[in-house]
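Throughout the sequence shown, residue numbering follows my numbering, covering 1 to 186 in sequence.
Hints were generated in silico from the structure; no laboratory data involved.
Fair warning: this is a prediction, and the values are worked out from it, not measured in the lab.
All residues carry an ideal CB built from backbone N, CA and C; glycine is no exception.
Warning: the hint list may mix true and false statements.
Stated by the list, open to error - Between beta-carbon pairs, the in silico distance windows are:
#1 Asp93 x Tyr11: 28 to 36 Å
#2 Asp149 x Leu39: 25 to 33 Å
#3 Pro116 x Gly12: 34 to 42 Å
#4 Lys115 x Ser184: 47 to 55 Å
#5 Trp26 x Leu123: 23 to 31 Å
#6 Ser23 x Ser79: 19 to 27 Å
#7 Glu50 x Tyr11: 31 to 39 Å
#8 Val64 x Leu31: 12 to 20 Å
Said to hold, decoys possible - Derived BS3-like pairs (lysine-lysine); straight-line CA-CA distance at most 25 Å:
#9 Lys181 x Lys161
#10 Lys182 x Lys146
#11 Lys49 x Lys70
#12 Lys70 x Lys45
#13 Lys115 x Lys9
#14 Lys182 x Lys161
#15 Lys70 x Lys146
#16 Lys175 x Lys2
#17 Lys146 x Lys115
#18 Lys146 x Lys175
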Amino acid sequence: MKSIIRFIKRYGRHLFHVWFEDSMGWLLRSLPGMTGMVLRWFFYKIMFKELKSFSLIYSGVYFVHTYGIKIGCNFSINSGAMIDGRGGVTIGDHVMVGPNVVIVSSIHDYQQFAKPMACQDHLLAPVEIGNDVWIGANAVINAGVKINDGAVVSAGAVVTKDVEANSIVGGVPAKIISDRKKYSHS
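Full structure from sequences and hints, please.
Dropping the structure here:
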């Protein structure tokens with residue numbers, strides 16, 4: 001009961017929003033084809049803090065706390081990905097998010113030893129993803145991270161620190177493994 005009261009105190013002004021996104025998201029999440037994409041885009045255009053243009057939201061994508069999500073133009077997100085906008089998530093233009101990617105903008109407050117971790121609140125930490133970013137399959141973007149313009153996050157990477165512009169990062173935790181400028185054809 002205490003955890004329900006704590007949740008209501010913390011998210012009270014967003015309760016209807018969270019309930020509605022979960023209910024409708026459940027209905028729309030698995031719709032196949034272009035019809036599903038158009039319906040999901042229309043729904044999230046209303047639910048997100050901002051969604052600038054038509055986006056490719058594939059079936060099976062899971063969004064929570066959409067009131068904190070801002071997305072630019074030409075965005076695509078693949079099946080099985082999950083974004084939690086509780087602490088704020090800002091995504092720039094021309095960003096691709098691969099399948100099963102997880103982006104979180106909050107963490108559990110595990111440092112209070114006086115109470116069990118399950119009884120502690122979330123610490124909110126916004127995530128910012130710049131323009132022209134590619135996040136590979138199964139990557140995890142932790143709360144409080146900034147991924148700068150032109151970066152590539154390799155498949156399976158766990159990003160715990162900011163990512164420099166035009167860098168390619170990979171590994172657990174993610175580290176710079178290359179630079180996109182090195183491969184430039186122009």
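Evaluation of the provided hints:
1. Asp93 x Tyr11: 28 to 36 Å: holds, 30 Å
2. Asp149 x Leu39: 25 to 33 Å: holds, 31 Å
3. Pro116 x Gly12: 34 to 42 Å: Violated, since proline 116 and glycine 12 (Cβ atoms, about 23 Å apart) do not stay within the stated range.
4. Lys115 x Ser184: 47 to 55 Å: holds, 52 Å
5. Trp26 x Leu123: 23 to 31 Å: Holds - the Cβ-Cβ distance for tryptophan 26 and leucine 123, about 28 Å, lies within 23 to 31 Å.
6. Ser23 x Ser79: 19 to 27 Å: Cβ of serine 23 to Cβ of serine 79: about 21 Å, so the range 19 to 27 Å holds.
7. Glu50 x Tyr11: 31 to 39 Å: Cβ of glutamate 50 to Cβ of tyrosine 11: about 20 Å, so the range 31 to 39 Å is violated.
8. Val64 x Leu31: 12 to 20 Å: holds, 19 Å
9. Lys181 x Lys161: Distance of about 21 Å is within 25 Å: holds.
10. Lys182 x Lys146: Holds, at roughly 22 Å.
11. Lys49 x Lys70: holds, 5 Å
12. Lys70 x Lys45: holds, 10 Å
13. Lys115 x Lys9: The given pair, whose Cα atoms are some 18 Å apart, holds under the 25 Å limit.
14. Lys182 x Lys161: Holds. Lysine 182 to lysine 161 sits at ~22 Å (cutoff 25 Å).
15. Lys70 x Lys146: Answer holds: lysine 70 to lysine 146 is near 14 Å, not above 25 Å.
16. Lys175 x Lys2: violated, 40 Å
17. Lys146 x Lys115: violated, 31 Å
18. Lys146 x Lys175: Holds, at about 14 Å.
Figure legend: structure checked against the earlier numbered hints; hints not met, in rising order: 3, 7, 16 and 17.
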